[in-house]
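2 protein chains.
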Amino acid sequence: MPTQSREVRLASRPQGEPTLDNFSFATVEVRDPDPGEVLVRNVCISVDPYMRGRMNDAKSYVPPFQIGQPLEGGAVGRVIVSQDEKFPVGAYVQSFYGWRDAFVAPAASLQIVDTAVAPASAYLGILGVTGLTAWVGLFRIAGLKHGETVFISGGAGAVGSAACQLAKMHGCMVIASAGSEEKVRFLREELKVNYAFNYRDGDPHEHLKRAAPDGIDVYFDNTGGPQLEAALSALRNSGRIAMCGGIAGYNTPVPGPRNLILVIGKRLRIEGFIVSDYFKDVSAFLEEAIPALKSGKLINRETVVDGLDAAPAAFLELLHSGAGNIGKMVVKLSG
Amino acid sequence: MPTQSREVRLASRPQGEPTLDNFSFATVEVRDPDPGEVLVRNVCISVDPYMRGRMNDAKSYVPPFQIGQPLEGGAVGRVIVSQDEKFPVGAYVQSFYGWRDAFVAPAASLQIVDTAVAPASAYLGILGVTGLTAWVGLFRIAGLKHGETVFISGGAGAVGSAACQLAKMHGCMVIASAGSEEKVRFLREELKVNYAFNYRDGDPHEHLKRAAPDGIDVYFDNTGGPQLEAALSALRNSGRIAMCGGIAGYNTPVPGPRNLILVIGKRLRIEGFIVSDYFKDVSAFLEEAIPALKSGKLINRETVVDGLDAAPAAFLELLHSGAGNIGKMVVKLSG
Chain A
1 MPTQSREVRL
11 ASRPQGEPTL
21 DNFSFATVEV
31 RDPDPGEVLV
41 RNVCISVDPY
51 MRGRMNDAKS
61 YVPPFQIGQP
71 LEGGAVGRVI
81 VSQDEKFPVG
91 AYVQSFYGWR
101 DAFVAPAASL
111 QIVDTAVAPA
121 SAYLGILGVT
131 GLTAWVGLFR
141 IAGLKHGETV
151 FISGGAGAVG
161 SAACQLAKMH
171 GCMVIASAGS
181 EEKVRFLREE
191 LKVNYAFNYR
201 DGDPHEHLKR
211 AAPDGIDVYF
221 DNTGGPQLEA
231 ALSALRNSGR
241 IAMCGGIAGY
251 NTPVPGPRNL
261 ILVIGKRLRI
271 EGFIVSDYFK
281 DVSAFLEEAI
291 PALKSGKLIN
301 RETVVDGLDA
311 APAAFLELLH
321 SGAGNIGKMV
331 VKLSG
Chain B
1 MPTQSREVRL
11 ASRPQGEPTL
21 DNFSFATVEV
31 RDPDPGEVLV
41 RNVCISVDPY
51 MRGRMNDAKS
61 YVPPFQIGQP
71 LEGGAVGRVI
81 VSQDEKFPVG
91 AYVQSFYGWR
101 DAFVAPAASL
111 QIVDTAVAPA
121 SAYLGILGVT
131 GLTAWVGLFR
141 IAGLKHGETV
151 FISGGAGAVG
161 SAACQLAKMH
171 GCMVIASAGS
181 EEKVRFLREE
191 LKVNYAFNYR
201 DGDPHEHLKR
211 AAPDGIDVYF
221 DNTGGPQLEA
231 ALSALRNSGR
241 IAMCGGIAGY
251 NTPVPGPRNL
261 ILVIGKRLRI
271 EGFIVSDYFK
281 DVSAFLEEAI
291 PALKSGKLIN
301 RETVVDGLDA
311 APAAFLELLH
321 SGAGNIGKMV
331 VKLSG
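Chains as they are written, first to last, in the numbering used here: chain A, 1 to 335; chain B, 1 to 335.
Keep in mind the hints are simulated off the structure, nothing from the lab. Every residue, glycine too, gets a C-beta built ideally from N, C-alpha and C. Any given hint could turn out to be false.
Claimed, not checked - Far from chain A, by Cβ distances over 10 Å, these chain B residues were calculated: (1) GLN94; (2) ALA105; (3) GLY147; (4) VAL254; (5) LEU316.
What the hints assert, rightly or not - So the derived label-pair ranges between C-beta atoms look like this: (6) A:ARG200 - B:PHE25: 47 to 55 Å; (7) B:SER238 - A:SER233: 22 to 30 Å; (8) A:ASP114 - B:PRO63: 54 to 62 Å; (9) B:ARG185 - A:ASN56: 22 to 30 Å.
Stated by the list, open to error - Which residues of chain B face chain A? A few of them, derived with a C-beta cut under 10 Å, are: (10) TYR50; (11) ILE112; (12) ASP114; (13) GLU229; (14) VAL263; (15) GLY265; (16) PHE273.
Make a model of the complete structure from these sequences and hints.
What follows is the structure in structure tokens.
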């Protein structure tokens, strides 16, 4: 008997800020798996700011979403029917078949995750692509070293909160910004960063000067915009910027920093990256992250939304300046 | 009998575009050299766009010029009186005691140059800091490789014309821009770049698309501004930008590129540098440059101005968009 799956589709491409009208829902039949395949029912799916880029019809590092087709994204689900003995029924698997209840896929395209170590949703957050993104940006791209000072914009978001914690674990002085008082409290009280500020409250340049009078070594950029400009001013000679996201400009392009010329005199390096280029590093990352999560040095803070119907609104919320989510935004499905 | 030296001083700090009023002249007595020192009379001095930054009272990679004090810059001169046997009278030496007729300095702070290889002024240009700057930017910073495509803004200027030639010598496809038809002709006919354009004539984006439909690998940035924005659009995945100068914004800051976000999706690297960090590489550079100059693979094109009195005007001219100089701007002194 065929399985039903409800899915979220791209109804139309947004102009500027997306709305709920850009999404539609449909229920489809999922065929039975062939040999080597499994049928998976998702238990949680990820919504991420970078998905905004895929809603445009523009060449980028991932192909654009197609109108009338289901969206894609990170997901963790359970194997319901298996035609591959290495993926038994009941196993939890990580995939990019998000935004839907269920799917069939070649087992080899999925990764089994161990829910004895952490709940399924942690594999979307601190143990998943989110955590890996923070780790790659800090250590592979920016080359952050013990004792250095790092500024992380969007520090209370999914990647930002992972970056704050990983940098602290490595003995760094961490400055982080966020867009609400609640988030700033989270940064101070739960993540225990050295200096947290609300980027809407006062000039970011002044905050950075107060937090690090001698300057910063690394800027982990999740936002672009005025915070990037402030970071360029605050960076010391030979400073590095890992460009991870530019949420300030996802809906509407923002002007570039007026002080980019500082890159020359201060010998700065600005480097962009896409986490999928570093999936080969996932075991090195997990070797560090799993024990830290078990010992409580890392926490996996989530903002949870219930049910597929709520996914588009949760995604739109992420893109708002001062979005409500703290940590990773996760949509739980009935499973 | 003491030697007289006429020198150019900073009279006042410019606001925006400098004028002749920002400079003054004075004649001073130069004392006789002590043991280990030499007295040098300059034969040619360098004027360079980066000197504009030193006219501001701002912390940077070199200290600002001081009001009432002589300016500094690259120079080649002849030893007139020597108290160091390794620096005989008549030897030509390279120094940073420019903007003046004569000076006394410790011999160990100077480099002897061989005028049998090339005329003295070539050590300010293609064999000097200018050539080294181009070489460091292309190969040490941007990692330009044989067969790659490079775009060089300000291609007819001192550093730009050296970069065009060095990139061609390394088997690269070279696209270069300049600000006048005469300079574009120089790029095409003398430097034989693959594609040259006048950045005031048409959209730089369109020129780059026409020149390199598949994109560019490296951008050597002498200008910042709209050409940097066009380069960000034209760069291929994993492209590199060596930021060497930003003449578009030296007098008045220009807005940053609106498309800086492309750094993420295309995994670009933007890196600034200061040539003085690479003086240790000068022999590696000269090993390549001297034979190439002798064989005619490199040419040392200059725009020569006569006499110290003309130096301030020559410097101001450099900063004009569409400046008249082709190649290295050199001021010849009576020697």
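Verification of the hints:
With a least CB separation of 23 Å from chain A, B:GLN94 remains clear of the 10 Å interface cut-off, as annotated. With 10 Å as the threshold on Cβ separation, the claim that B:ALA105 sits away from chain A holds: the shortest Cβ distance comes to roughly 26 Å. At the 10 Å boundary, the C-beta of B:GLY147 stays outside the reach of chain A, the nearest C-beta of that chain being 23 Å off. Listed as outside the interface, B:VAL254 is inconsistent with that label: its C-beta sits roughly 8 Å from the nearest C-beta of chain A, within the 10 Å cut-off.
At roughly 20 Å, the least C-beta separation between B:LEU316 and chain A is larger than 10 Å, which holds for a residue marked as non-interface. In this structure the hint that A:ARG200 and B:PHE25 lie 47 to 55 Å apart at CB holds, the actual value being about 53 Å. Look at B:SER238 against A:SER233: about 28 Å separates their beta carbons, and that is inside 22 to 30 Å. At about 58 Å, the CB distance of A:ASP114 to B:PRO63 agrees with the hint of 54 to 62 Å.
In this structure the supplied range 22 to 30 Å is violated for B:ARG185 paired with A:ASN56, their Cβ-Cβ distance being about 41 Å. Interface restraint check for B:TYR50: the shortest CB-CB distance to chain A comes to about 9 Å, inside 10 Å, so the restraint holds. With a least beta-carbon distance of about 29 Å to chain A, the hint placing B:ILE112 at the interface is violated under the 10 Å criterion. With a least beta-carbon distance of about 31 Å to chain A, the hint placing B:ASP114 at the interface is violated under the 10 Å criterion.
Of the supplied interface hints, the one on B:GLU229 holds, with its beta-carbon coming within about 8 Å of a beta-carbon of chain A, less than 10 Å. A hinted interface residue such as B:VAL263 counts as satisfied when its beta carbon comes closer than 10 Å to some beta carbon of chain A; here the least separation is about 4 Å, so the hint holds. The interface hint given for B:GLY265 holds, since its Cβ lies 5 Å from the closest Cβ of chain A, which is under the 10 Å cut-off. Below 10 Å, beta-carbon pairs count as interface contacts, and B:PHE273 has one with chain A at about 6 Å; its hint therefore holds.
Of the numbered hints given earlier, the model fails hints 4, 9, 11 and 12; all others are met.
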